[in-house]
Structures are given as structure tokens and as C-alpha cells.
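The listed protein sequences derive, respectively, from chains A and B.
Each step along the first sequence adds one to the number in my numbering, with nothing skipped, and position 120 is 120.
Just add 1000 to wherever you are in the second sequence, counting from 1, and you've got my numbering.
Calculated directly from the structure, the hints in this document are not laboratory data.
Treat the hints with caution; some may be incorrect.
Partial list, derived from the structure: chain B residues whose beta carbon lies under 8 Å from chain A [stated by the list, open to error]:
#, residue
1, I1131
2, A1135
3, T1162
4, L1164
5, R1192
6, G1195
7, L1200
8, L1202
9, S1236
10, S1241
11, E1243
12, L1285
13, K1291
14, K1298
Source: prediction; values computed, not measured.
Even for Gly, the Cβ is constructed at its ideal location relative to N, Cα and C.
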Amino acid sequence: MKIVVAYKWASNPQDATVGATGAIDWSRAKPGISEYDPVAVEMARELADATGGEVIGLSAGTAAVNATMARKAALSRRFDRAVIVADDALASSGSTELAAVLAAAVQHIGDVDLVITGDSSIDVGGKMVPTVLAGELGWPAIAEVNSVTGTDGGVRVERATSDGTEVLEISGPAVLAAATDAAVPRLPGMKDILAATKKPVEALTLADLDVPTTAGTVSIKGTARPALKARKGQMIDTTDPAVAAAALVAALRGTGAL
Amino acid sequence: MIGKTWIVVAGDAAVGNLIATARGFGGTVSAAVVGPRAVADTIAGGGVDDVLWFGEPGKAPVEAYAGAVADAIAASPGIVLGPTGPSARVLLGAVAARMQVPVLTGGTTASADGDTVLVTRSVFGGIADEINIVAGPAVLLLDGGQVSAADGSAPVQQVDCTPLGITVVETRPSHLAHVDLGSAVRVIGVGRGLGAKEDLALITELAGASKAEIACTRPIAEGLDWLARDRYIGCSGWNISPEVYFAIGISGQLQHMVGVRGAETIVAINSDPNAPVFAEADYGLVGDLYKIVPALTKALT
Ligand SMILES: Cc1cc2nc3c(=O)[nH]c(=O)nc-3n(C[C@H](O)[C@H](O)[C@H](O)COP(=O)(O)OP(=O)(O)OC[C@H]3O[C@@H](n4cnc5c(N)ncnc54)[C@H](O)[C@@H]3O)c2cc1C
Ligand SMILES: Nc1ncnc2c1ncn2[C@@H]1O[C@H](COP(=O)(O)O)[C@@H](O)[C@H]1O
């Protein structure tokens, strides 16, 4: 099977700061492979090894995605090769635009049987890139997939629903978003990091792909720090747990919370 | 004035908040309903102008109708509202791709402003709120909410379509209990500070003594599987606003804390004095939960 894994090179918003005017400062946040994407890599690797085939990493973003460090970090994962769409025109692209670029890259790669993505990206976290990507390709999509196996001409997947587990069979190519705990990703070792430099990378820009234009129907009016409730920040001494518990219960009863 | 607003229903009729929001825009409101006829009928009685229904699903999952829903909506485009569940997201993704329009996630409010819609949404894991101006077709994800019955009933039109090639071949019901955390008055959240699944007994006792619902962080539900997946709080789970939230053995990462910002009072119990949770707590207790939780249960009984 020819499997593409979409991975995002992104920063954790926990490390960004929001100024009084609402401007977001990412300068102290260090980008990396988005938290849940290694789960998708592992899922793809196991499937490819079981069915015979290759795993291709695919990422879209600014030039930073194709920087040496980003390439190394990606290729030290269990990919056979990577296709990277690096174009600064993608700096402020939304989920639809990114998904359209990824779809064009999947078409460019050709004969892809399956695309596996992470559950959600660490920065945007909208969980929509995989589903828009499937829409662009006209393929079925399933999110929150727990496991996948190959069948004759398709895949069989398991997912958790609010009522239990569902087993689905999909014929033809598809996009799957892996549940956050679908597989335990391996951390790259020294050998993987050394092997990374030898893996083939195809770097593309938007000019190399046929990407449809997304309608400009949405604009940003402004950003702001969320209005947070003021918290008391009162610390209760816990030297004697019974005394601490009594103090907490008294305080909560006093405010009517209990 | 906004011309047309679509509501996408993915097998679950809990879209009351979406109908109310769409009504607020002032234009016509159409629903595209995937799922059993009963769901279409509930929506038809919930205050929309018309309903497109894609037929009895049989062994086809909601996702199999993504192409059909996208075709139907693209034929008369408008602003498209949908809930945030995994199946709904697949339908909405197909719609956004077919119309090639932007997707807005994390929406908290949306209201008409002349002939545009203003959307406030929580972005980047909740570090900021963004206000967007929507001036044409776009896809907007909002939390669902129960449908309240309205006067009259909208016509339901069945759409003939061929679902995509996905079939449900087996279902295995789970034994984990469900919960409505959205309306809970007191909630106890438990995190990885808990050492073993058996120790949930300590938490259950505290929940009994304080009449609280039990919730958790994401790794407790996904990965450890100690509690059901519909019990975790945060940017990918529940947003709650109880009278009091007890964060027990929870570090207080952004992605979790955004879900409890609405709580009137937050109590944090954590052995690490530097845990970020204390910065967002009203009452902080630094110490071992295995000592503090039993003492608290005792103080309450
Ligand atoms: C895109 C994305 C989305 C996410 N969405 C969510 C979400 O919706 N909800 C969510 O919860 N998480 C979410 N996460 C994960 C989140 O970032 C954190 O990893 C998670 O919330 C941490 O869970 P925790 O606090 O239980 O575990 P940890 O961070 O491991 O914290 C455990 C805490 O327990 C304390 N502790 C240990 N032993 C004891 C003891 N004996 N007594 C008292 N305290 C003790 C420790 O000091 C520590 O602070 C998301 C992550 C990403 C990347
Ligand atoms: N720019 C991107 N390049 C490659 N994959 C992406 C990109 N953005 C999102 N993805 C994939 O889509 C998943 C969900 O992302 P999101 O929709 O942003 O929450 C991620 O875990 C990635 O697998």
C-alpha cells in the first residue's frame, strides 16, 4: 500500500504569549512535529509493513517546513521518504487552503491508497484539515480511528463512538485521522537520526501544484485575550490534611459552592 | 440580511444551539439531515424552514453521505453551521471542499451584523479569542445543544443519493457510563497524578460526598482508558461551567484549563507547587492527593 502521512510543523500555543492588544507572539515557541502526528506515522508504518508498501511524509507550510532541522526531525521518523510543500504564501492559510494544498500534493504523488493524519494539530487544533482534504479528493474520511488493517482493495478500521466500538470497511482510497491513542509512537534513536539524511525528499512550492483558490469570504476583525474570571489564588496549608480539608470545606460553604 | 443558512445534522439531533444561531441571522434556515427519519422529524419540528433528508442509512455510517451532503449544499450555497463531533466534521469538510470556502472552528458566538455575520471563536488552544467577519459562504462549527420543539413542522424532502463505499460491519457496545457534564453543578476532574485505575475509588467516594460528577483530563480517557471518552474536559472535550471544579492530580495545561474557565470556583490539589494549575485556582492545596482526597471526603461526610 502507498500511504501518505500528513504531518504539521507547528508550535505549542502554551509557549506563545498574547499581548494586551491581542497580538500573538510566537517568537519564544519552538516548532516541532505536531504532538499527535507521530501516532499517525506509527499507524501507517505498521500497516505498510503488514501489507507491503511505503510510507510518505507530507507537510505543507512556510519555508520553515523545509529547513534542515525540520526535515531531519521529520525524516528521523519512520517514513520512507517525504514530500514537502514549502511556500511562504502559506503563512496565514486556513484549514481549507492547507487541505487543498495537501490534496494537490497527494494527486502529485499519485496512486496513493490511504492518507493518515493526526487527530488535531497542536496550534490550530480544528480537526478539519483531514476532512476537508478528503472532500477535495472526493474520498471517504473517518476520524478518531483506533486501528486499521488492509483488505482486498481497501481497509477495515475500528473507531470508538459514544456508544462503544464500530468496525467499518472502506473500499478504495480514504483519509483516516488517527485517534490520539491509536498507536504508541517510537522515539527516533541515533540510527534513525543518521538514516534521516539519506531519505529522499521532494520539495515543492505552490507553483508546482494545481491548487484551487479558496473564497475570501472570511476576514479577521481582531483578536483579544480571552476575558478570564479573576481567581482568588488562595493557598491552603496542607501540613495536616484534616485541617486543610476543613478549611477548604468552610471556604467553599462560605461562597455557596458547596 | 443573511440569505440562507444551512445546518448540517450528523445522525444526532442535538443542534438546538445551531438552530437558534441560524434563526438569529434572519434569513431562511435549511437543514441537511443524515441519519434515521426520526432525527429528520425532530429537526423539522425544531424551528427550521425545510429539511433535506438523505434516507435511511442502513449499514452506511454518517460519513458515507459526505459527497451527497456537499452536492446538495453547494447547489444553493450559504453559511453552513454544524456541530463538532467526528462524523459531523467529515460532512462539513466535504462541504467546505466542494464550495472551496473557509472553515471556522472553536466558535463560541455568531450573530448577524448587517449583511455579514460576526463570529467569535477561541483560537490556538484557547490562548486568544478571534473575531471574524463572514461575508459569504463559509463553514462554521459550534457546540450543539438540545433542540426545543417549535411551532409547526417544516417539510422534509428526501434526497436520492448513492452513499460512498463505507459500511459498518460490526458494533460493540461499551459498558462505560455516559454523563452530561455541561449541566453539572459540581465536577471533580482527575489527572495523571492518580497512580492506578483502582484509585478512582478515592475519587468516587469524594464525588459521593460532594454530590459531584467525575471528569478527567484527556490522557485519562484516551490512552489510559480509565474513564469514558465523553468525560474529558478541554479544548477537544467538554467546556463546563459548574459552581465548583476540583482539579486533582492535574498539571493545568492550557488545553485542559480552557474547558474549565467558566467554573465559578476552582480548587487545585497537586503535589508540585509549581504546577500551572495553581495560577488558575481559587483555592490551592499543595500535597499528595492520596492524603488530601480522603481527608476532604471525611470533612464532607
Ligand atoms: C491538540 C491537543 C489537544 C489537547 N486537548 C486536550 C483536552 O481537550 N483536554 C485535556 O485534558 N488535555 C488535552 N491535551 C493534552 C494536554 O496538553 C495535557 O497533556 C494534559 O491535559 C495533561 O493531563 P494531566 O494533567 O492529567 O497529566 P500531567 O500533565 O502528567 O499532570 C499530572 C499532574 O499530577 C501531579 N501529581 C502526580 N502525583 C500526584 C499526587 N500523588 N498527588 C497530587 N498530584 C500529583 C503532577 O505534579 C502533575 O502536575 C491536548 C493536547 C494537544 C496537543
Ligand atoms: N500544514 C499541514 N501539513 C500537513 N499536515 C497537516 C497540516 N495541517 C494539519 N495537518 C494534518 O491534519 C491533522 C489535523 O490538523 P488540524 O485540522 O489543524 O487540527 C494534523 O494532525 C496533521 O496530521
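A quick look at each hint next to the structure:
For the restraint placing I1131/B at the interface with chain A, the shortest Cβ-Cβ distance is roughly 4 Å, inside the 8 Å limit, so the hint holds. Taken as an interface hint, A1135/B checks out: its beta carbon lies about 5 Å from the nearest beta carbon of chain A, inside 8 Å. Because the closest C-beta pair between T1162/B and chain A is about 12 Å apart, greater than 8 Å, the hint is violated. Among the interface hints, the one on L1164/B holds; its C-beta lies about 4 Å from the nearest C-beta in chain A, closer than the 8 Å criterion.
A distance limit of 8 Å between C-beta atoms decides the matter here; for R1192/B the minimum to chain A is near 13 Å, and the interface restraint is violated. Contact between G1195/B and chain A, as hinted, is not supported at the beta carbon level, the nearest pair being about 17 Å apart and thus beyond 8 Å. Contact between L1200/B and chain A, as hinted, is not supported at the beta carbon level, the nearest pair being about 18 Å apart and thus beyond 8 Å. Checking L1202/B against chain A by beta carbon gives a least distance of about 13 Å; that is not within 8 Å, so the hint is violated.
Of the supplied interface hints, the one on S1236/B holds, with its beta-carbon coming within about 6 Å of a beta-carbon of chain A, less than 8 Å. With a cut of 8 Å, the hint placing S1241/B at the interface with chain A is violated, because the nearest CB-to-CB distance is about 10 Å. Satisfaction of the interface hint for E1243/B is found here, the shortest Cβ-Cβ separation to chain A being roughly 5 Å, below the 8 Å cut-off. The beta carbon of L1285/B is positioned within 8 Å of a beta carbon in chain A (closest approach about 5 Å), and the interface hint is therefore held.
Taken as an interface hint, K1291/B checks out: its beta carbon lies about 5 Å from the nearest beta carbon of chain A, inside 8 Å. Contact between K1298/B and chain A, as hinted, is supported at the beta carbon level, the nearest pair being about 7 Å apart and thus within 8 Å.
Hints 3, 5, 6, 7, 8, 10 from the list above are not met by this structure, while the remaining hints are.
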